[in-house]
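Novice: Quick mapping for you: the protein sequence lines, in order, are chains P and A. For the first sequence, this note's numbering begins at 97 and goes up steadily by one. For the second sequence, this note's numbering begins at 11 and goes up steadily by one.
Careful: at least some of the hints might be erroneous.
[What the hints assert, rightly or not] Cβ-Cβ distance ranges computed for the label pairs, FRET-style:
| hint | chain 1 | residue 1 | chain 2 | residue 2 | range |
| --- | --- | --- | --- | --- | --- |
| 1 | A | Gly26 | P | Phe157 | 21 to 31 angstroms |
| 2 | A | Gln755 | P | Gly265 | 27 to 37 angstroms |
| 3 | A | Gln755 | P | Gln170 | 56 to 66 angstroms |
| 4 | P | Pro350 | A | Leu132 | 47 to 57 angstroms |
[To be verified] Derived DSBU-like pairs (lysine-lysine); straight-line CA-CA distance at most 30 angstroms:
| hint | chain 1 | residue 1 | chain 2 | residue 2 |
| --- | --- | --- | --- | --- |
| 5 | A | Lys139 | P | Lys460 |
| 6 | P | Lys513 | A | Lys139 |
| 7 | A | Lys34 | P | Lys289 |
| 8 | P | Lys378 | P | Lys513 |
| 9 | P | Lys378 | P | Lys460 |
| 10 | A | Lys61 | P | Lys296 |
| 11 | P | Lys289 | A | Lys13 |
| 12 | A | Lys61 | P | Lys289 |
| 13 | A | Lys139 | P | Lys289 |
| 14 | A | Lys68 | P | Lys296 |
| 15 | P | Lys301 | P | Lys133 |
| 16 | A | Lys139 | P | Lys514 |
| 17 | P | Lys296 | A | Lys13 |
[What the hints assert, rightly or not] Residues of chain A clear of chain P, computed beta-carbon distances all greater than 10 angstroms:
| hint | residue |
| --- | --- |
| 18 | Glu31 |
| 19 | Val52 |
| 20 | Glu80 |
| 21 | Glu93 |
| 22 | Glu100 |
| 23 | Cys113 |
| 24 | Leu289 |
| 25 | Gly407 |
| 26 | Arg449 |
| 27 | His470 |
| 28 | Pro617 |
| 29 | Ala672 |
| 30 | Glu707 |
| 31 | Glu770 |
In case anyone wonders, no lab produced these hints; they're calculated from the structure. Even glycine gets a Cβ: it sits at the ideal position worked out from N, Cα and C.
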Amino acid sequence: MSGYPRVLFKNRRPGETLFLDDYLAAGGYAGLRKALKTMTPAEVTATVKAAGLRGRGGAGFVTGLKWSFFPADQPGEKYLVCNGDEMEPGTYKDRQLLLADPHQLIEGMLIAAYALQAPVGYIFLRYAYEDCARNVERALGEARRAGFLGTNILGSGFSCELHLHRSAGRYILGEETALLNGLEGRRPNPRSKPPFPAQKGLFGKPTTVNNVETLANVPHIIVHGADWYQGLALTEKGAGTKLFGLSGHLNHTPCVELPLGVPLGEIISDHGGGVWQGRNFKACLPGGASTPFLTRAHWDLPMDFDTLAAAHSRLGTACVTVFDEGTCMVAATLNLNRFFQRESCGWCTPCRDGLAMVSWLLEKIESGRGTPDDIPMLQDQLRNISGRSFCALAEGAMGPVEALLRLFMDEVEDHVKKGRCPFN
Amino acid sequence: MPKLTIDNQSVEVPDGTNVLEAAKRLGIVIPHFCYHEALGAVGACRLCAMKFEDGPVKGIQMACMVTAQEGMVVSTLDAATVEFRAHVIEWLMMNHPHDCPVCDEGGECQLQDMTVAGGHTLRRYRGLKRTYPNQQLGPFIEHEMNRCIQCYRCARTYQDYCGGEDFGVLGTNQRVYFGRFRDGRLESPFSGNLVDVCPTGVFTDKAFRFKSRYWDLEEAPSVCPHCGLGCATIPGGRYRELQRVRAGSNRQTNGFFICDRGRFGYGHAAHAARPRVPLVDGQEVDWTQALAAARARLDKIIAAHGPRSVALLGSSRAGLEANAQLRSLARLLGTDRVVFAAHAPRDWTARTLAAGLGAQASSLDDVRRSDCLLLIGADPLAEAPLLALAVRQAVRGGARAAIIDPRPVALPCATAHLPLAPWRLGQALAALGDNDWSRFEGQEAVFLEGVHEALAGARHPIVIGGADLLGPAGMRQLLELARRLSREDRPCGAMGVLSGPNSYGAALLAGDGPDFEELSNAMITGEVRALICLESDPLTQAADPAHAGLALARLDLLVALDSLPTKTLGHAQIILPTTVTAEGAGCFVNNEGRMQTFMRVLAPGLPLRETGGGGHPPRLFMADTPGAAPRPAWEILAGLQGRAASLAELRDALAREDVRFAGLTALAAESEGQRVADAGLALPATRVEDYVPRDGELALLVCEALFGSEETAFYSAPLDPVRPEPRLILHERDAGRLGVTPGEQVRLHSAVEEVVLPVEIRADSAPGVAILPRVRGSLVEAFVPGVGPQPCRINREVDHA
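Okay, chain P solo, but in the shape it has when bound (with noise of 0.2 angstroms):
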């Protein structure tokens, strides 16, 4: 294994979930005692922008910036949610850490509510993940306890409550509108922005939505400081670790934690064991099922979030699928298509029909019945999808069917010349 820190898995041990005891020996709650006895909530928010922490649940925004947007001096009711909700097709790394260590998360929101001095915070979690919700209840009742939760936390007057919401299960519910209208009880359809969650959010209300693994880092970048967080990445303009989750034509699978910037061959020969049955690597996808392939181009390509937007792609949530020399990439971006097409609100008709006319041409394709006419409608399908739906969604799904165009279009023309799919 390599020699790079561990921050977020630090504690993590096979088949075991950290409790209390065990995270307050390992440290556990200084990162809140020290925000709470001797940080203001501005100065909170002042670090983790300085920190260059961004957001890991795919968009990757500052999440200092996006603090900062916060009316955390408005009085009434305010809310913190974390998105939980992690339903991206190959991303599981936000399941890994709640069953490694769930008091990560609860610190790391206690600070962030202190930040925001939001009283009410929520972990709006996904459906399937019964045992992270037990793990997450346990770390909860436990906290409460111990003090770090309620009112008047560790005697700093800050008091802020936090509580489990289960999602009923659609992918769209990740989006973070969507995912604020589904914890209302409201139909999980996105809201369109302005007026941004920091304004109008959770029952109205200024809310703050962040990914599981971006509260994770907080309190390890209060304990620790800045420099040291942005000292953590390989690449300059990076910062911090991440959690990079391996899937696909690999002989390993695992989750790890690696530094920002760590290139891709590197993830894929060191820790997923190389290419699975002896075979070539063909292309990946570096950070979930919406953002557009990488190839054997990419190998020595640094995974941060801006190193990828150079190469046309995205870094996403960094949970890498990758596929062997023998996959048929149209098929494969139909596979992802379908999914999208299934899990869109059904909201704007881009998305709704558009995802639909998207998958009946890459069936038609792939089956064999595709024609050269396909394939200019195809791309006309990518031209005005792209930027034109509600929300990210079909924007996302937009992010494969670019890349196969782009860098596998010989791939598709045979499919059409030969009247059959050239894998099978």
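Dock chain A against the given chain P, drawing on the hints supplied.
Specialist: Frame of chain P, contents of chain A only:
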């Protein structure tokens, strides 16, 4: 007022206007589905894309979602935008069944129009179309989900705007479904609006099915005759049959929606028993003979008994011109015995309102924009349904709404309700005016004080009172309360809920004249020998129908003009058939004094389906149109005065004669109408003393019911499936005392009649009051609302047996 440029034309629009609306002002109509002026912009359909070339917003954006800002430069013709719009249509049409030839929406289908406008011509998708099962949604709405393009307008109308809870969105992705959890009648009394808002044929008018194509209909702007609010409607007729009504739009009154009573109440026009030909002593005659006979008999009676032996009775169902002609006829005959309503307390309440409302008059739009509303003695869903929608919009906008009413008044929004016995409504109004709660205790005082505080602190407060429960004295107090709550910088509005489409206009004409009680007494004493009855049915409408029956029986001559087969026609020697609202033209003055004109939609006649012998096309050649004799009442009344008159002439004369109606000559159809000018009438003296039961006694309160009480709607077959069953509403405390269980039959003893009917037990009505919603044509028909609480006695029917 930002100024922006759209397609190289500049336009200045009010703050807050979206760019789609701004383009519309320039005559540039960009296809759109989900946007609707009343429902707002939600950005779902993605069809109204425009290219924002310069200014604060850039790129291709949905115009409905962008607020117009200074300096914006927008193109609707940009190539990528045009291409995108065509794609949106193509996507929307992927699953549409293309069943236009058999679709009832054909011809008035926005999807057809927008598809053509959007530039999509050829379907490229060749896959399977998704299909849905449809639901049985009750007697009004036909459901055909396969046509759906998921614009969400139906759910937004039904749930968000109208507050219905039994219909909405189900499912996700391309299988989104708009319907109910399971089959069943749509519960909202505004369900018919689904037909209007659906851009295609998912929700169509069931009663209108298979009757006509849109383009074959004769349509004209009209005013709803089914309550006093004066909602804009567009009735449609064909083959001499009024076949449907859809909502018109008047931003001051109904906005864009109407209630189901207004939409499906048109059947009276085709009622089989409707008077169709002039009758003298039961003999069919032509108009010349009928008018001559009527005039000769009137003259004979006048010669024998003097001009004051003739009385005339107008109505709130008849238009302003007809009632005014009745007044001229009275003058010509030399009698001052002219009354404009058969129900004396309602008449006096309307007169009080018309005399005193003045500048405090509030429209439904004012209600929608209000931030604090008090409804006292008013049950909007029963008496004036669109008022309930207006209150809902105010509450959605953050307004507080309080209800003081003995009935369990339910509105489709959050309200606070104080159940107060009817004889205490006046005390409550006085207390609110005087800021003195000494006559109230505990929660009641707290409630009233809260209401007072909210009204005093509001920016646009409006007090709304129902005529039937307040009566003339209460209406006077309501107006006084509004005056007291008004400050120079911030007036308090007032609104009275009246029962008829022209109650206000009739009241203006009545002035300080006699009422029907006086008239019927004069009939019984024999001072009045002849009555000319204009579209009025005292036998079901008078405050005391039995007394009216005695009075009518004493008459030597009853000349009845009507379009409905009323009971009163049975007493008439001369029957002169009139047109219904949609067959004539005229003006109604609504409950806020707004004059609105309605146009002739179709000529009267027996529906062709009845006379055509079943053939298609129905070919029957004859010189006359069967059943075409009915004439507008104003024309008949002018005829009785020996002159022919046009509506324009009558209006001119009325406007010249009476300054309040000066706006009449300039009144245009499809306009917002014009308020009558304030005449500075003196408030009529009020004299009604309410019956107040002693402890342990119950008072009977008769009130209106949504589909049960209104006269015109009673004769409309499409509403038959939704008529309520008679029931008596008791407070749980009274029910407990009587030992009555829910649904149990009780015997109601009253001065009106003794009837047996089931009880409904409520916790949210006023104790001590037995509430009886009137259902015409049922065993409780003889009970008339608007007469104040009456003594009554109630027994369990098992005890009686």
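Novice: If a hint holds in the structure, say so; if it does not, say that too.
Specialist: Structure-based check of all given hints:
no., hint, in the structure
1, Gly26/A <-> Phe157/P: 21 to 31 angstroms, "30 angstroms, holds"
2, Gln755/A <-> Gly265/P: 27 to 37 angstroms, "50 angstroms, violated"
3, Gln755/A <-> Gln170/P: 56 to 66 angstroms, "60 angstroms, holds"
4, Pro350/P <-> Leu132/A: 47 to 57 angstroms, "52 angstroms, holds"
5, Lys139/A <-> Lys460/P, "15 angstroms, holds"
6, Lys513/P <-> Lys139/A, "28 angstroms, holds"
7, Lys34/A <-> Lys289/P, "24 angstroms, holds"
8, Lys378/P <-> Lys513/P, "22 angstroms, holds"
9, Lys378/P <-> Lys460/P, "23 angstroms, holds"
10, Lys61/A <-> Lys296/P, "28 angstroms, holds"
11, Lys289/P <-> Lys13/A, "24 angstroms, holds"
12, Lys61/A <-> Lys289/P, "19 angstroms, holds"
13, Lys139/A <-> Lys289/P, "33 angstroms, violated"
14, Lys68/A <-> Lys296/P, "24 angstroms, holds"
15, Lys301/P <-> Lys133/P, "27 angstroms, holds"
16, Lys139/A <-> Lys514/P, "28 angstroms, holds"
17, Lys296/P <-> Lys13/A, "29 angstroms, holds"
18, Glu31, "17 angstroms, holds"
19, Val52, "7 angstroms, violated"
20, Glu80, "18 angstroms, holds"
21, Glu93, "7 angstroms, violated"
22, Glu100, "8 angstroms, violated"
23, Cys113, "20 angstroms, holds"
24, Leu289, "60 angstroms, holds"
25, Gly407, "14 angstroms, holds"
26, Arg449, "39 angstroms, holds"
27, His470, "22 angstroms, holds"
28, Pro617, "43 angstroms, holds"
29, Ala672, "48 angstroms, holds"
30, Glu707, "47 angstroms, holds"
31, Glu770, "31 angstroms, holds"
Of the numbered hints listed earlier, those contradicted by the structure are 2, 13, 19, 21 and 22.
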